[in-house]
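S.K.: Sequence:
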Amino acid sequence: MSKPFKRTTVTAALIYANGPIHIGHIAGCYLPADIYVRYLRATGQDVKFISGTDEHGVPITIKAKKEGVTPQEVVDKYYGIIKDSFEEFGISFDIYSRTSNKVHHDMSQDIFKNIYDKGQFVEETTEQYYDEKAQTFLADRYIIGTCPKCGNEGAYGDQCERCGSTLSPTELINPRSALSGEKPVMKETKNWYLPLDAMQPALEKYVESHPEWKTNVMGQVKSWLNDGLKPRAMTRDLDWGIKVPLPDTEGKVMYVWFDAPIGYISMTKELTEDWEKYWKDEDTRLVHFIGKDNIVFHCLIFPAMCMADGRFILADNVPANEFMNLEGDKISTSRNWAVWLHEYLREFEGKQDILRYVLAASAPETKDSDFTWSDFQVRNNSELVGIFGNFVNRAVILTEKNFESKVPQLGELNDYDKQVLATLAEMPAKIGESIANYRFREALALMMDVARLGNKYLAETEPWKVIKTDRERTATILNIGLQIAANLSILAEPFLPFTAEKIRRILNIEAFAWSEAGRADLLVEGQTVTNIGLLFEKVEDATVAAQVQKLEDAKMQNLLAGKEVPALKEEIQYDDFAKMDIRIGTIIEAEKVAKSKKLLKLKIEDGIKQRTILSGIGEHFQPENIIGQQVSFLANLAPRKMMGMESEGMILMAEDKDGSLAFVQPSKNVWNGGTVA
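Positions 1 to 677 (UniProt numbering) are the ones given, in order, by the sequence shown.
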């Protein structure tokens, strides 16, 4: 940490309220922030944890248009889903609010007006993209085109979600309107710009004063600075958003990246009357937790806004994470390639800490990482069940069995006991240092080392054997084991809060401060221990298979959604069609053709005779299931040899877009031999 602070303001990115949250959001931003905040609280520090939904972005209006509702209905719906999911998952915000609240509108307009009155904005009339068909100027997100950096054909006018590059609309290749699909034209409009070019020296000085920032953060920021900053418009021609508080600005709202970060301030004001000390006092440390796609906005644009306003502190750190992928593919909300938090909470009820553990263990701290359901299963079964849960469970069961569920007396310590307790005493400082320096994967591994320490201690001291010959020695072993478990109730709290609470219930203790961790006397001799069951349960193969299949189904739906109806064949005359004799018949026998996967041999009662037709439907139907089925068939097709047999016609089938087949049949039973005209 660069300097001692009296308090800490922690923000987590304001997510667009246009859909639920998925594991990429959690791993990239919210879980690291929660771990950090829980640790600060445990150490007794004054900390406020602030977040909420961003409700003014163009993605909101796009979603509203897609769903046929108003933007307000969209944000109301998803704010509730997101807030409830965070709460159930244990993300411990002090406030989770929204940018549609009046306090936020007032705060944003106050800051905008202050910057304007100080002469910090540059007013410019420029040409911007305009959709002539929709008769509206296009905000960045309403312009889609090819990314000049990676070639992604679905990049937005402000950002490419494939490569993470921040863009301007004019950089896109072959731009088109998201409203009409038409190519937009350039048209004059007036907006207010923040002169980032003039502010670059001050921003460079600010960035250089924080050499401790993560390499991925510093790399992206310096790349922007090296390219030279350009003025950026802080207003937009839109109806949905916070109105620009200036005369003659009808139809103009603040750029979403102007008002969104102000949400951190306005939400703190909602939370507490003394909000100003968390945003204006130089003794306050400000930390922004975000994903890599928000680095530039939090490290350059928001600081520039605060500099221009002159009343607010700048961030001490911006520990941004990279992206988390899913089963080797980029998480995509539009393709439904995601693990949605609200669905996980329903399908894995009471298992929040498994997901917290897996996401923290594989967090994309410095590079992209990958979530797989097989890794989820292995980490749970091998680590949480096999190490953490196994240790606590054994200590409790052995105490229950041999000491009437009372913490046994600590006797004389041998060298191994002393070594284990010395290691235990060192761990809280190591874990705390890692958390304080935003190395959460490292901190989690160290916490698990405490569970491993306890597991190894019981395995090597074998109290289940020692009890047969030395009850006093067994008492000492189990006392130490239970003391380690009590320490885990403190050290696991930032990562696994639900598990930490279970341990406290088992050991009948209140929450200890972090400063108490490392002690070997947290539990009092004779204190009751309560066996409330296993901390963790195994995740079965069938459970994992069902989740993988769910993703495969989503992938198939995406493929089918993009499939187009086949083009019509060349035109024919009525006389050509009239030559075909299409009849109705009934399948009376069906069998597979030897040495063929596709062919079925069908016997058809056609009203005149029984005919044999060979049909390539064997991969779609079982012979025994189609006997008695009425079908349409081409009756006057010349017979032809197939697999050494003669086929007397062709069964008519309809092919669905997923390739499955259905019989073309009458809507009611008709007589065999009936004609189709």
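Among the clues, some could well be false.
[Stated by the list, open to error] Result set (DSS-like, lysine-lysine): computed pairs, CA atoms no more than 30 Å apart in a straight line: (1) Lys118 x Lys205; (2) Lys563 x Lys133; (3) Lys555 x Lys367; (4) Lys657 x Lys65; (5) Lys66 x Lys401; (6) Lys277 x Lys205; (7) Lys3 x Lys367; (8) Lys292 x Lys598; (9) Lys77 x Lys243; (10) Lys597 x Lys550; (11) Lys609 x Lys641; (12) Lys465 x Lys401.
[Claimed, not checked] Restraint ranges, calculated between C-beta atoms of paired labels, are given here: (13) Ala425 x Asn381: 27 to 35 Å; (14) Glu552 x Gly526: 50 to 58 Å; (15) Asp553 x Pro247: 31 to 39 Å; (16) Gly80 x Arg505: 28 to 36 Å.
Because the hints were derived from the structure by calculation, they are not lab data. Owing to the predicted nature of the structure, the values given are computational and were not obtained by experimental measurement. Glycine included, each C-beta is placed from N, C-alpha and C at the ideal position.
S.K.: All hints are to be evaluated individually against the structure, with a verdict given for each.
M.R.: Evaluated hints:
| no. | hint | result |
| --- | --- | --- |
| 1 | Lys118 x Lys205 | 22 Å, holds |
| 2 | Lys563 x Lys133 | 27 Å, holds |
| 3 | Lys555 x Lys367 | 25 Å, holds |
| 4 | Lys657 x Lys65 | 27 Å, holds |
| 5 | Lys66 x Lys401 | 62 Å, violated |
| 6 | Lys277 x Lys205 | 24 Å, holds |
| 7 | Lys3 x Lys367 | 28 Å, holds |
| 8 | Lys292 x Lys598 | 51 Å, violated |
| 9 | Lys77 x Lys243 | 23 Å, holds |
| 10 | Lys597 x Lys550 | 28 Å, holds |
| 11 | Lys609 x Lys641 | 20 Å, holds |
| 12 | Lys465 x Lys401 | 13 Å, holds |
| 13 | Ala425 x Asn381: 27 to 35 Å | 31 Å, holds |
| 14 | Glu552 x Gly526: 50 to 58 Å | 56 Å, holds |
| 15 | Asp553 x Pro247: 31 to 39 Å | 55 Å, violated |
| 16 | Gly80 x Arg505: 28 to 36 Å | 30 Å, holds |
The structure shown violates the earlier hints numbered 5, 8, 15.
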